[in-house]
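Protein chains in written order, with UniProt numbering: chain A, 1 to 391; chain B, 1 to 391; chain C, 1 to 140.
Hints may contain errors.
[Unchecked claim] As a list, the in silico SDA-like pairs of lysine to any residue whose alpha-carbon atoms are at most 20 Å apart:
1. A:Lys267 with A:Lys113
2. B:Lys30 with A:Asp363
3. A:Lys4 with B:Lys233
4. B:Lys389 with C:Pro133
5. B:Lys233 with A:Glu112
6. B:Lys4 with A:Glu29
7. A:Lys113 with A:Asp89
8. A:Lys141 with A:Tyr126
9. A:Lys4 with B:Glu29
Keep in mind the hints are simulated off the structure, nothing from the lab.
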Amino acid sequence: MATKVYMDYAATTPVKKEVLDSMIPYYTEKYGNPSSVYSLGRESRKTIDESREKIANILGANPKEIYFTSGGSEADNWAIKAVAMANKDKGNHIITSKIEHHAVLHTCEYLEKHGFEVTYLDVDEYGMVDLEQLKKSITDKTILISIMFANNEIGTIQPIKEIGQIAREKGVYFHTDAVQAVGNVKIDVNELNIDMMSMSAHKIYGPKGIGALYIKKGVKIDPHIHGGAQERKRRAGTENVAGIVGFAKAMELAYENLEEHISKLTKLRDKLINDVKNKIDYVRLNGHPEKRLPGNASFCIEFIEGEALLLNLDMAGIAASSGSACTSGSLDPSHVLMAIGLPHEIAHGSLRLTLGDFTTEKDVDYVVEKLVEIVDRLRQMSPLYEKVKGV
Amino acid sequence: MATKVYMDYAATTPVKKEVLDSMIPYYTEKYGNPSSVYSLGRESRKTIDESREKIANILGANPKEIYFTSGGSEADNWAIKAVAMANKDKGNHIITSKIEHHAVLHTCEYLEKHGFEVTYLDVDEYGMVDLEQLKKSITDKTILISIMFANNEIGTIQPIKEIGQIAREKGVYFHTDAVQAVGNVKIDVNELNIDMMSMSAHKIYGPKGIGALYIKKGVKIDPHIHGGAQERKRRAGTENVAGIVGFAKAMELAYENLEEHISKLTKLRDKLINDVKNKIDYVRLNGHPEKRLPGNASFCIEFIEGEALLLNLDMAGIAASSGSACTSGSLDPSHVLMAIGLPHEIAHGSLRLTLGDFTTEKDVDYVVEKLVEIVDRLRQMSPLYEKVKGV
Amino acid sequence: MYSEKVMDHFTNPRNVGEIKNADGIGEVGNPKCGDIMKMYLKIEDGVITDVKFKTFGCGAAIATSSMATELVKGKTIEEALKVTNKRVAEELGGLPSAKLHCSLLAEQAIKAALLDYAKKNNIEIEELKDFDPNEDPHHH
Ligand SMILES: Cc1ncc(COP(=O)(O)O)c(C=O)c1O
Ligand SMILES: Cc1ncc(COP(=O)(O)O)c(C=O)c1O
Ligand code: FES
Ligand code: FES
């Protein structure tokens, strides 16, 4: 069935009209290679510089500290692998958390195979890292702490400033995957003590395939892609000019109306959470009750299985997710839900509804209505539910 | 001045209308994340699969052997670094040539710093590698040969099939940077004995920021970006769906009309070469006289300096290049022109004119007319020309 | 990349050419690094009455030669010696950092021409005692 209600904004977003409009000229008439010296090329270079500046200004960074990448995953890989390589004479220990995105976790696992040691911090039932455990984990050999800004599944927002403060005191670099936080949280990289930060455009109504890594001046890090002199010789490759323009436009739009965006989403999300809790029993909200992304509503609905639920929702025209999109193909329950202490069978019934700028109250009502029906139907055929209800 | 005649198709190309049209829906209504299970996501997945298939079919490859990247530089980096890492127990020796793109050369230099040994093959005056030297360079420790298909500056096309044959006989992997060859040469990866091949869409009227690496089944290579399960777990990151669609469309268009494209460009190029040679003295054509890309005309114009020439051409509305675009910012003469044996001062006067699908005969005439004027003026003020002419 | 002033001097370079029977001729640079500059001076009573140049070089090299000739024309030898590459670059509204070294060529060419003049006329110019016109300015 065609999608009627899209509630998976954390997976990706449509490109806003203003964003697409800003991109088109860079495909057609303004196609010059930014490295070329003639006017058509210089124009592209100027556009990239301006885009970089816009993004830097929003984040309180210097334009020279913004490096464009092909997305959030590349930014995560770059930050972690290249800081590890550049600082291995100093130490081989990295600290991260158990609820990171796979782009961080699998990169850390790769480094473990190549002589690095990684501490995966626990999180509490709300998905919060423990600052005391973090402090205790830092050793002489620790070169990097990588903790995500906000979690993509359960929406929990970490105490970034405090983590950065601890890192700075110990002389350890601090990287944060802010792919989900950007566009949803006010971010000043200096105020928050961030050394490196990953971003991705397609989560904030920009195009897929473009993102950035903020690298604070002075951070010792290897280049990521060798070749031409692009991105200050740290990330070679002809620049995705249209993508960069679209990313900058999306950032601008997101931060122009941040307060409004947050208050609108929070209101809709709270309505959704309350309605679901009121109309369905054996439901729990995952993630932190307050310190969460404005558009994130993540539930565990007991006695039903995630895939069956998603398929049913899809048949009702509702696009939703169970855990993160990237792992939808996998059969294992989400590592995030396991980390917050949910037992397997409950983690299996997770449902992530994420709201965005085009979500309406009517959408919320429709989703709740359909969800009640579907959950009811699935539970009727669940032997687990039968036992609980004693039917 | 606004660009009147674009003659730098080797640097980048405008996106063709059909290509852009094919991309737009994936920004607007078909924005689903390909990893999502609902219909909007499945549609994106299907589109990616179809695009992969189209590209694979054109190259005689299996769709499972095509891995999308953010462009040619990333593909080069991936192929070389990740084959090196995955096969270092077998050996630490890599063979490449002196005229590779910086994405290959700088990657090799990086590996040299990390315990690998690299042989940089010489080329003859036409930019051709010597197959005998190649054979002799292979040792027990050789794990990879990386030789570009066609050179971006001088247009010379290498004997790829023979190189592949030698590599195969010796049990060494063969990677080729085909960024300039794709869309200009018929390519069957199996016939040509290619194990890995880098491609980039923005050289063939597709968008910037998307490319691919062909990896033959069975090649032992590490993943490039760790994270989600995209690209068969070898290159994580939400797929640039619109970019992939545009890339496939561009490939389709390029190979639908390959013969026509080649014969049209060859004719225009030969006219350009002849006119320049007839009207300007002390000019030499760089690269192979026959085995060259259909759109490439690379000259050395003695007694004048490249940048001054380019600036003057730009003021006449002509977009051209001196050496490769990525190094235009650099003061060193091109490594390619040095490798074919040109002395510094001659290499400094290089001019690359590259023709493409929108080039007309009138364009060629205009460029020749302006070039004659500009060369004359610059030579009038050149103390070197003065000596030769004995003025 | 270049300021308007640089582009102006590049497009319409002043004082291009040569002077027959020049009183001083200086040629500096090194074809190996791509650039050569030749400066011709006409000097009467210690004053530079005419100046011409030829340059094989980049946009910055041409523009700085042109500007340098304007700055020394009508000046005394002492005044001409004060025309540094920094001054030339400033007069042009600045140069991109990668191109700053190009302006050195003009300064060197004027000095070389003055040295040639001094030698021909057996005069000693204090400021040029340690000056070597054959030194490659790119390798400073
Ligand atoms: C031969 C060659 N290899 C690699 C590249 C790099 O490709 P991209 O700009 O897509 O990274 C280019 C062009 O820039 C090229 O001409
Ligand atoms: C927290 C987080 N990090 C990283 C990524 C990866 O970003 P991208 O898809 O742009 O590679 C995502 C989303 O997929 C994410 O939610
Ligand atoms: S029964 Fe299908 S995933 Fe377990
Ligand atoms: S004079 Fe040498 S690069 Fe400008």
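Right, here's what the structure says about each hint:
1. For the hint linking Lys267 of chain A to Lys113 of chain A, the alpha-carbon distance of about 46 Å lies beyond 20 Å, and the restraint is violated.
2. About 19 Å separates the Cα atoms of Lys30 of chain B and Asp363 of chain A, which keeps this hinted pair within 20 Å; it holds.
3. Of the pairs offered as hints, the one joining Lys4 of chain A and Lys233 of chain B is violated, with about 31 Å between alpha carbons and a cut-off of 20 Å exceeded.
4. Note on Lys389 of chain B and Pro133 of chain C: the hinted pairing is violated, with a Cα-Cα distance of about 25 Å set against a maximum of 20 Å.
5. Annotation: proposed proximity of Lys233 of chain B to Glu112 of chain A holds, straight-line Cα distance about 18 Å (limit 20 Å).
6. For a cut-off of 20 Å, the pair hint linking Lys4 of chain B to Glu29 of chain A stands: about 12 Å separates their Cα positions.
7. A distance of roughly 17 Å separates the Cα atoms of Lys113 of chain A and Asp89 of chain A; the hinted pair therefore holds under the 20 Å criterion.
8. Straight-line distance between C-alpha atoms of Lys141 of chain A and Tyr126 of chain A comes to about 30 Å, which puts the hinted pair past the 20 Å bound.
9. Between Lys4 of chain A and Glu29 of chain B, the direct Cα distance comes to roughly 12 Å. Compliance with the 20 Å bound is thereby established for this hinted pair.
Hints 1, 3, 4 and 8 from the earlier list are contradicted by this structure; the remaining hints agree with it.
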